[in-house]
Amino acid sequence: MRVLIAVFFALAASAIQAQDMLGDLRDQGLGFAQVTPGRSLQFPRDHGAHPDYRVEWWYLTANLEDSEGGQWGMQWTLFRQALSPRQAQAGWQSNQVWMAHAAITTPDGHFFEQRFARGGIDQAGVSRVAQDGHFNAWMDDWEWRSNSAALFPAKLKFSVGEREIVLLLEGTGELVANGIDGYSQKSAQGQASYYYSQPHIRVRGFVSQGLEKTYLSGKGWLDREWSSQELAENQQGWDWFALHLDDGHKLMVYQLRHADGEHWLSGNWIDPQGSARLLDRDSIVLSSTRSGNIETGDERSRKLPMEWKLALVEQDRSWRIRPLYDQQWMATRIPYWEGVVLIEDEQGAPSGVGYMELTGYQ
Amino acid sequence: MRTSGIFWVLKALLSHYWRHPWQTLFLAVGLIAGVALWSAVQIINQHAENSYRQAQSLLGAQAHYWIRNRRDQGIDPSTYIKLRRDGFRQLFPLVELEVSTAAGESVSIIATDLLALPDNLLGNDQSTRDFGATWLEFVQPPYRAWVPRVLARELGLARGDQLELRDGRRLPPAMVQARVQQGRRVLMDIGAAFALSGSERFSYLAVGRIEPHAFRRLAASLPDHLELIENQQHLDLRELTQSLHSHLSAMSLLSFAVGLFIVFNAVRFSLWYRRATLLDLRLMGCDSRVMLVAILFETLAWSLLGTALGFAVGVVLAQLLLPGLGASLQSLYDAIVETELGLSPWTLFQAWCLSLIGLIWALAWPLYRQLRRSSLEAARVEVLLADESGARRRMALAAVGLALLAAIAYPRIETATQGFVVLGLLLFAAAWSLPALLAAALRLLAWLLPAHSLLTRWMVSDGWSQLPAFRSAMMALLLALTANLGVGTLVDSFRSAFVGWLEVRQSADIYLRAPNVSYEQLLGLADNGSWLADSHYHIGVSTRWRERPTLVRGVDTRAPDSLVLPLSSWRGESAAAALAIWREQAGKVLVNEQVHFLAGVEVGDEVELKTERGLRHYEVVGVFYDYGNPYFQFYLPGRVVASHWSHYYSRGVALWLNKNNPRAMQQAEASLKALGAQPGDWISQTQVRRLSVAVFDRTFAITAAMNLLTMMVAAIALLASLLAILQERLPQFAQWRALGLRQSEQLLLVATPLLIFCTVVWLLAIPLGALLSWILIDKLNVISFGWSMPLLWEITPALQLALVVGLICVSTLLLVAFQWRRQMPLALAQLGETV
Amino acid sequence: MVMLSIRNLSKSYRYADARQGVLNQLEFDMAASTSVALLGESGSGKSTLLHLIAGLDRPDSGEILFTGQALHSASESTLAALRRSQISLVFQQFHLVSTLTVLDNIRFQAALCQRLDADYEAELIERLALGDQARKYPHQLSRGQQQRVAIARSLLHRPALVLADEPTGNLDENSSREVMALFSELVKQADSSLLMVTHSRAMADFMDRRVRLHNGKLAESE
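Residue numbers (the numbering used here), protein chains in the order written: chain A, 1 to 362; chain B, 1001 to 1835; chain C, 2001 to 2222.
Hints listed in this document are in silico derivations from the structure and should not be mistaken for laboratory results.
Quick list of in silico lysine-lysine cross-link-like pairs, DSBU-like style, CA-CA up to 35 angstroms:
{"no.": "1", "chain 1": "A", "residue 1": "K219", "chain 2": "B", "residue 2": "K1082"}
{"no.": "2", "chain 1": "A", "residue 1": "K219", "chain 2": "A", "residue 2": "K157"}
{"no.": "3", "chain 1": "A", "residue 1": "K213", "chain 2": "B", "residue 2": "K1082"}
{"no.": "4", "chain 1": "C", "residue 1": "K2136", "chain 2": "C", "residue 2": "K2188"}
{"no.": "5", "chain 1": "B", "residue 1": "K1082", "chain 2": "A", "residue 2": "K157"}
{"no.": "6", "chain 1": "A", "residue 1": "K157", "chain 2": "A", "residue 2": "K213"}
{"no.": "7", "chain 1": "A", "residue 1": "K155", "chain 2": "A", "residue 2": "K219"}
{"no.": "8", "chain 1": "A", "residue 1": "K155", "chain 2": "B", "residue 2": "K1082"}
{"no.": "9", "chain 1": "B", "residue 1": "K1659", "chain 2": "B", "residue 2": "K1673"}
{"no.": "10", "chain 1": "A", "residue 1": "K213", "chain 2": "A", "residue 2": "K155"}
{"no.": "11", "chain 1": "C", "residue 1": "K2217", "chain 2": "C", "residue 2": "K2188"}
One-sided excerpt, in silico: chain C residues whose CB lies under 8 angstroms from chain B:
{"no.": "12", "residue": "L2056"}
{"no.": "13", "residue": "S2077"}
{"no.": "14", "residue": "A2080"}
{"no.": "15", "residue": "R2083"}
{"no.": "16", "residue": "F2091"}
{"no.": "17", "residue": "S2098"}
{"no.": "18", "residue": "L2100"}
{"no.": "19", "residue": "R2107"}
Even for Gly, the Cβ is constructed at its ideal location relative to N, Cα and C.
Build out the structure end to end from the sequences listed, making use of the hints.
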């Protein structure tokens, strides 16, 4: 799903100011490797980078609790982008650029950090899993390190400002291929990505700030996605949910908002055993029930849908989704909202936690 | 009632200005020219000052420390990546290159990784937005070379052009844009710089804002061959360049003074014409307080007009002068001055204050005095004449006072500013003594002329009538001529000393500085060929001594250039003997003139240097000339430096070619290439001298420009005076025409005193100019830069100026003759009418 | 012998877009060695006529012949030469050169045409009682004395014609008479002619002949 962020990353950095640049990118888009149905995912190869594709990310969110039951959230993402479709070169001539986001939702507030690095010089990157024998993704001193070629178990170390975060990640289920065997369609016009997830991650770790150390534990969700295509022209942004339900189910739902006509809705319903069921437009009912004014730091505020009602037709279930608190804005180069949400069932009883991402709101 | 009173008084007073548009124009031109020249320099100084203040930043990112290789061999990228992965995100890499274009221009290149610049892509500041549009192209092949607008114009580059270098290499396609603190350098990506230089090493790393604990950790984790150096450039630059800026300020104040003389002149004229108006206003019972308010209003209006227009012209002037000065500051002091001018309202306010003070002195005060005087009395000729001689006496007395003050202060001069104050005193003493001297010249001529040559005597004696009108213009001319001659002599002396010094100092044929070529290898190779006659391998250590950047050089004492090092003072009988002592005895050091003059170290003194083996003391046996270098420098034998500092770095090798081998140069270049030196790593004697002299000339280009402009202002003053005389005395001239005077005789009548005055001024300017240059060389240059040189006086500039003055006189006289032709018929027809 | 002959002389000035005639087909003859008073109302054109005769201004039409020379069409340099040696002018404002001594002022015009005459100079100085003032500067003299200096200057080179425009206008009545008597006498003695503009009947009486300018034309007057 987060294909869009990376596309935005590329466009906002260039095309906002220069229209011809946007044209360049479209042309260049032709030269990148294309996402087609029927390519089967292979591991550990596909844990590594795919530099022939334009954008790619390793995207982890985690809903955590401290010893006093306080709700915390973590987000750590490594984005890769190829600036041009030519053959990737090593060293300073490389056409690869890396971006990383880290955010932490604490009982005291939401904090984030953003980093950039050029590719080819090992300042940031993902190890070539097949050759190196172990998975490793890093930027400067932020690092996801696994002792094996698998993604888990792993140690993730990063920081947000003064806060140092160390998390131990353990996969407790199988990887889930989204869409059709990992081919995830994003619009009726054919935009698509390769997309797999690990929704079953046990997380333990701590946040330290100075001498203060808080131990945390909870559940994590990893998304791996790569693609070469941009948004369809009429798509304005999206609303995305990754939910851990207390009954052991995992639910991923997203809605691509169209300027005209119906939104593109899709998702995945994953049972505790790890088997997934693809959700399409007809099986998801998603509507916003409350809007909030978010202070976005650029001397203005934006109105964003904060509370939602989500229903699955076939499963005959519905939930109310609301943020832990509204102010979880990411004032990054491409600003968006992403943060911890709490889930209630029809009766209003707490029934899970998750992450929500809202983009494209002006 | 009162306000309408002021209105009418103002209307009466100000109507003068549109009745006499020429004089109004002159007043405006004088004021505007003065303010413009002053503010141009102030704008530049302020702009440079701002740039120095930003020297803690580099390309928009903070740079509080540098990480350098102790041996000046650059930094391996892997070391940098390791530091980044250890969490030192404050670091960013830089590559600096110096390349020569195909046209022989020297171009500085700075390269960095925009993605690694701290807070670069994140901030919302202007720099981020500027760079947002093009960074995609910037960071990947074929890359882009960002060229500041001014530099692009100089190099003739348009968007997309690829600058060709001397050896045929090309820079990436140009983008005419610049980042903050880029100065006159071409900015490109590190990848592009690596491709260009063929070597993958950083020149140094910069360290942005860093917390104390992180700094301690960084210092501890640096490999041994790297060192952390605090970036004190913002302090160093201010101190090093201060003198240069006070020189400029002094020149600009002089220009302002010259401009003010035009104002004086125009005001004198306006007073002459407005005597009657002032009298009438008084007779009609105008309250003197109302008149005072009106005068102040007039002054204020002029100051606002003069400041607004003057400042605007100043901005344009500054824009014209800045590129040259920026280039000089960069080549002399490594000071990066933004190429796009920044303006501060403070400078504008200062300009207004200055013009207001000037106008109160030149306009309001004389008007007020005229007002206070019994006007009936003031209109009478004898009162005017008495006034005139009284004014002359008062000015002469003041001049003597100023000169005495200057004489008393001269031996006590310690700073450049004090020096300029004394210079100012002297110049004004000269200017104020001028009317008395001109009067004396008239008296002397009247006495010398035979009694029967009535007409000649008349023409000379008419000087008395012209003297009041010419007084200010002549003072302006004197100041302009003196400044021109004085500064001209300084520059000529300096240039001749500098070129002579270059010839001795840069006697080698090739200068090589290539980190990847070892000296031993080079000598080994040279042994096989027959091209090398001699060589000199320099090493050096950068350090600080007495709070200033200092270079300790390890030189080969037996190299050809060391044997004839030009000394300005020495221990013992001769310079050669002192050099021999330095060569042969331990514990001796040579210091540059900056150490001698600025730090007060004398020959025979001991200096204490901090070495890695503790403090060491050395006896100073000689002081060597070191033109163009703003830093302290010590010369020690190379082995001493090598034994006291482990982390010395190579300062390059000088090579003398075998004179008997006609193909020595080609062989040398082939050998150097064979050793892996890049074509940009060495430079020939011709090139290095040409570059040095070019830097010198560019440094003084601004001086020449200021001199020229000041002369132009003085010329305008002269023209204004002549036209004022024409206006004031037209009825008188008509009367003489009625007596049968021919036009040619009449022109002669005006020209004779003018020529007498100009000759006196010119004659006076010659010794004054010499005095000025002597003070500049003897005191100010030494105090400011620590450079001494012999005074080189020549008559040619004075003769050239005589020609210039003559031309100015002739052209203004022609203009006057033309005006006469236009106005005389009416004046004749009006003869006999009561004035 | 007719020294000055004016025929059909017209001159008008533009005032506020309308031409206003000052002299209108004026006719005038003046014999050598005579003195003529030119009377007329203020603004009648007396000074204009004087200026035209001195060549300081040009007529619209008509002829001015001075000893047979046509002044109305003469070049500027011819006029200058004439003024230098033949025609001299005395004004109400004495127009002395303030930077020259009284003696130099007296010699001024004679020096211009190189007709210095020490004897005549001494005589003029004596007659005009300027002996004690010779070394002084003009501003140190009284008005009457200054006018006497101007008179001496106008006569020393013995011009054929002296043109005087209210020469005593700046003086009180007694000095006026005194200066006028002396002036007319010296002119006669020098064998020069004098054409004097005045509005004072008393001053006119010193002259041989009186003419009155009225409506742009001259008429003999008693």
